[in-house]
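**Student:** For reference, the chains in residue letters:
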Amino acid sequence: MRKQVPLLLTFCAGMIPIIALFVPERHVSTVSTTLDSWLIIVAGFALLLGVVNVIQMNTNKIRRKSSGWPYAIVLLAGLAIMGTFGFAGAFDVFGGIATRPDGSSTPFDWLYQNAFLPLQGTMFALLAFFMASASYRAFRARNVEATILLIAALIVMFGRIPFGEMVTKWFPITTEWIMARPNMAAQRGIMIGAGLGAASMALRVIVGIERSYLGLGKGE
Amino acid sequence: MNLERIMQVDRRIIYLFVAAGTILPIIFVIGLPVSITPPVQMAFDRIENQLNPGDVVLVSFDYGPSSAPENAPMADAILRHCFSKGIKVIVIAFYPLGGLSEAVNELNTVVAEFPDLEYGVDYVNLGYKDGAQAAMRKMNENIHEVFPTDLRGTPTGEIPMMKNVKTYADVKLCVTLATGIIGEWWANLVNAQFGLPVIVGPTAVSAPKYYAYLEAKQMVGLLGGLKGASEYERLVVNKYPHLAEVYATPGLYTATKGMDVQSIVHLIMIAFILFGNVVYFTGKRKPRKAA
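Line order of the protein sequences matches chains A and B.
The first sequence: position 135 = 169 (the working numbering), numbered continuously.
The second sequence: position 232 = 234 (the working numbering), numbered continuously.
The reader is advised that the hints may include incorrect statements.
Only part of the chain A face toward chain B is listed, based on derived beta-carbon distances under 8 Å [stated by the list, open to error]:
| id | residue |
| --- | --- |
| 1 | 73 |
| 2 | 143 |
| 3 | 169 |
| 4 | 175 |
| 5 | 195 |
Derived from the structure by calculation, the hints contain no laboratory data.
Given the structure is predicted, the values throughout are model-derived calculations rather than measurements.
Think of the CB as a built atom: it goes at the ideal place given N, C-alpha and C, for glycine as much as any other residue.
Next comes chain B alone, as it looks inside the complex (with noise of 0.2 Å):
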């Protein structure tokens, strides 16, 4: 066969295996194995050795729709984490586009698996505020001002939880669910300016650039993508054990069963790349014919 057209193969074939290679492990689950790593361990040690219950964590949906099959399950698991430690959480949203809806999707899914808790008093939700990097400085002065009243209407100052939240020195750790750049501004501007501990979990594509701040000590953890969220999810059932039952419950999304589709994918992906390799080079040995 010509090397040439080898070389041309027409990229449905190649769509054709990154659709199968999506849709098989989705219908057959294989549930293959996840090790951790560093800046995941990091950010569990640090909500489960280094917070006590009662504690106040700020998690900040900074992610849409786009992105939200890598950073809900992030989400998720952080939230199942908190809420098993006893951790209060204040959500918030910079995100325009579906940060929001997203917070408001996540924490309804979670908070159902948790009935004791209680609005205002173990969580609550400010809503959405625009101009994210203005909005985090002036939070350093009064969050009761960023988000006058939460997603209900009621005011601030009158929810329970909040009546001693103020500022950033009344919130223990900062976790932000990112895509783009607002979770950049998390680590050096809040961070960096206030001193807020931050966790990032951003999209594997933007990951790369969090570890500059994590190894500069920016950051004390990084969920990086979806394989950042399976790790997560890992550590969170082996030490609350009664979450494995909501994990194991049929049709939901998990980071887990996430991982079996990415590595098929990239499997084909590592394939092809090494099939166009060899075609490359068997062409440049080959002698040419003479004219």
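Pulled out of the complex, with its shape left as it was, chain A reads as follows (with noise of 0.2 Å):
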């Protein structure tokens, strides 16, 4: 039952939206479109399993005083106090998660301004100076490839600029054809392979042969 019920339950989510995709029946749609309500609940459960695991995770960190364990105390603490307040704003006692009606922040929305942004913001904001070190680094002709990489890769950083069009109205021209023909060929190549990779994936979920998903032990 331990096996037989999971894959079961996989084998149906798996078959109704295909069939519903290829029968175009009423009573298959619905079926279908019931699912889907079904998954936006699971969804939220999934985010509320994520969270489980960050506290489990970050107490056993803190526990054990592994490498960084301060650190996971003020991931646990920022978890908590915006967690709280966000929880707190759903059932209006702060007037709300985002802003309240007359335009003034709510705690979570002050967090959110004055905490979250501007640390996200430096988190990307970094990896303009690590690309910039690492292209200097790599971007080296050392092959033909790598050349036509090089000179592609030129082409677009000049082309997306208006420095770009100032040298010559090429640049923007070659790098929108660069972006449309043989970036758009490369990048059908990727999403043709991934496709048929998420697919043939899919097909072993849906049909029982992977089922590595339902945790089971060695044997079972």
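Mind docking these for me? Both chains are given alone in their own frames, and the hints should help you get the complex.
**Tutor:** See below:
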């Protein structure tokens, strides 16, 4: 039962949307859209599962005094504070989650604007520094392939800024051609490959060949 | 000077150049010209030429604060365009890490510029919903079931502009400002299965993959990164000159101002890459001294 019931549920959850896509019958689509409603609820619980996982992982880290454990305290404190204000806001304790009707900030919004937003912005902004350093070291015309990549990158970088057009109008034109033709062809190849991989993986899960998601031990 | 030492330039020097290239154009605004690319022109034309006042556009905030400097100006420009043309806007958010807060921020900013707009009649904020893919599919059946109330807690069915908007068939266009994969779902799920025209405003780093959807006509426009946002700003200002005053507001962050920074940093990176290659080839050609 521990194995058969989840496998049956997975089979049904996987097959219903596929059948609904190809069978334009009202009763089939009704079942599929009902399943979509359930999925929205399940996704909410998956988020809760993530929160539980974060708490477990970081509590263990603090208990064992693993490397970087003080950061785990900061993370849990952030989760508790934002979570509390978010939940309270959802029950209209502080006038809502985002801004109040008069435009003033709720505690959740204040934390978002003054802590979360600048922290996230800073993390993302750091990428520019790392990319500049990495591109200086990695972008070398060592062979034909690397040279083609280097030339394409330089044209696109020039073509995406006004200076490129000031030098010659061909920079933005060539940039658009690179993006719309060679880049698009490569992206399609990647997408088709990823799509076929995802489809085959989905089929393996639906028919019960791939069972690692069940979390069963060896031989079960 | 030893070429090896030049090749191994201290990364802090590179960081210093990037920092200077970022900070100086913010202080001393250059105002570089912006040229329009076809994917952005397509997006603009779709709204300007194929939508009428009173039509409904769905604007999905599928990004968080990490990519807000790129996505927020797109959102502002799209909202300004829609409101200037009298198009009604439904705002939703599918991105869990701040999508809703970004939606509230940008909507509040832009709505303040249009005092005649009325909430529930000209625009509405339906808030955040988890499980984006399932929600997107379900919205084709009934938007009211996916978003039973708006952000203020008003039942969706009681909101005047939502009374006649039940499914995707009642919406003329979807614009998603996206980081990550949610933008792709609008193109490969909502457009492919339900036929709703989609414009995507992704970050510059994700823009290349959207060209495949654009060429396949699964999208009707693309605003790639900050450059795309600055182009859209230019198009909107050209068509609606009264918005030039808004964009000239001191202290207001716009993509056009951001492009100054991006341009200088691109130049710095190009210079470093070229310098690195010149040093690399000089080192390769230099005959080695006999031991």
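**Student:** Hint numbers the structure violates, sorted upward?
**Tutor:** The structure breaks none of the hints.
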